[in-house]
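For this one, chain R is given, so just place chain G on it according to the hints.
Protein sequence lines, in the order shown, are assigned to chains R and G. Read in this note's numbering, the first sequence has 183 at position 177, and its numbers run on one by one without any break. Read in this note's numbering, the second sequence has 116 at position 110, and its numbers run on one by one without any break.
No wet-lab data here; the hints were simulated from the structure. Where hints are given, some of them may not hold.
Identical chains blur together in the list; that is why a pair holds if it fits in one copy or across any two.
Calculated pairs, EDC-like style, for lysine to aspartate or glutamate (alpha carbon to alpha carbon, straight line, at most 16 Å) [unchecked claim]:
| id | residue 1 | residue 2 |
| --- | --- | --- |
| 1 | K64 | D162 |
| 2 | K64 | E106 |
| 3 | K64 | E140 |
| 4 | K188 | E163 |
| 5 | K188 | E110 |
| 6 | K102 | E61 |
| 7 | K188 | D218 |
| 8 | K188 | E30 |
| 9 | K64 | E144 |
| 10 | K188 | E160 |
| 11 | K188 | E216 |
| 12 | K64 | E92 |
2 protein chains.
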Amino acid sequence: MPTPIELVGFDADDTLWHSERYYEAAHAEFEAIVGRYVDVADVRVHDRLLAVERENVKLFGYGVKGMTLSMVEAAIALTDARIAAEDVHRIVMLGKGVLEHPVELLPGVREAVEAVSANHRVVLITKGDLHHQERKVERSGLADLFHRIEIVSEKDERRYAALLEQFEVPAGAFAMVGNSYKSDVAPVLALGGWGVYVPYPLLWALERVEIDASHPRFAQVASLAQLPAALAGLADGAA
Amino acid sequence: MPTPIELVGFDADDTLWHSERYYEAAHAEFEAIVGRYVDVADVRVHDRLLAVERENVKLFGYGVKGMTLSMVEAAIALTDARIAAEDVHRIVMLGKGVLEHPVELLPGVREAVEAVSANHRVVLITKGDLHHQERKVERSGLADLFHRIEIVSEKDERRYAALLEQFEVPAGAFAMVGNSYKSDVAPVLALGGWGVYVPYPLLWALERVEIDASHPRFAQVASLAQLPAALAGLADGAA
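So that you can see chain R by itself, here it is in the shape it has in the complex (with noise of 0.2 Å):
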């Protein structure tokens, strides 16, 4: 029987190339700024970050423009408005260095979707912001690889089937690699589709969610060097 697996996407962030630990540092160094005002675990100022950064994704979106607003305001809430107009804008700097971190390619991943593009069609699907995502894919040199690059500001199961009636492809057919279960799983496996989870060291605290092992359209693989075989076991499986 041949595979019923007929289109892959891939995540980028942290499945493709290296992201989150530029956001973690750039937290690192937020904290560092208002720790010159507060005592820095006295306030939580890791968790009211947080909190504000969750009220605001409503109406910012996801990325890095977002997350340095977040920073600001909390910055000014943090220290109840004591902050010098020269650490705010070191705040800003920070945001901007993230916006220009170099694209670094995670181990094997050019290989990886050149293998799974053999056999399937590959597409790239991708959340957060439009122009830092596509200056990222362009960067990457992987923008040839792919069939479609699609940025969507949000990986829930009516943006995936939306994806997928234009990619005129049935969820059964349709498997999504990446490193955020809610994201890139979870959504997928309820459409009917195939997930492929790919942890990596660092999650966003916004997108931790119980992970469900014994799903039988899921596989989980230690890096995109696994996912040929995956792919294939996941089909045998089915057949």
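Positioned in the frame of chain R, the structure of chain G alone reads:
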């Protein structure tokens, strides 16, 4: 001879609904805040904010979040870092206010899009921030009228060519309608398509260009109510 125009693209901001006036109001409030620290005319606040925006748009792309970060950066520079954190917070809130502005349709918009869709496929093509633009499209009540909604990071020849390839429509069968000659008309004319210019009273400085009204595939209308007749006239002219 049947009309050569199969597909009609509509811009969104200041073509379907009001937008720039919310940005201009935020800029005026920004000048009032900075004016507490400096002589607004003396330090050329307007020009210097524009210069910061022009520089940052390369890194930030279009949209309110980038504008807000540029306002924060410009305010700190313009005041030699004397601005109080409370006033930085007011600037962040100005940006949030623009993101939350109501979607108010321009007169006759729904009727015009419906009339055009009787004879053509219609798509919405807008540039800017993915999350903000999607929220505006949803709240406009117009989403159901469009065959596809495309949010792009830039409106240049390359992006229009890629969209037309996805739509499987040659440029000569595509007309774009919008209030920015630079973004909605010029690149489409250059590709061999048709352009209908619908000026809006306000236009962001970075969108201002010379207009070539003599182009054989160009029309200008005062409002979308005149669009169906203008499209028919373009087609007749070509026949």
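The hints, checked one at a time:
no. : hint           : verdict
1   : K64 with D162  : within (14 Å within a copy, 30 Å between copies)
2   : K64 with E106  : between (25 Å within a copy, 11 Å between copies)
3   : K64 with E140  : between (22 Å within a copy, 12 Å between copies)
4   : K188 with E163 : within (11 Å within a copy, 36 Å between copies)
5   : K188 with E110 : neither (24 Å within a copy, 35 Å between copies)
6   : K102 with E61  : between (22 Å within a copy, 12 Å between copies)
7   : K188 with D218 : within (11 Å within a copy, 50 Å between copies)
8   : K188 with E30  : neither (20 Å within a copy, 39 Å between copies)
9   : K64 with E144  : between (28 Å within a copy, 14 Å between copies)
10  : K188 with E160 : within (11 Å within a copy, 30 Å between copies)
11  : K188 with E216 : within (8 Å within a copy, 48 Å between copies)
12  : K64 with E92   : neither (29 Å within a copy, 23 Å between copies)
The structure fails to meet hints 5, 8, 12 from the earlier list, while all remaining hints are met.
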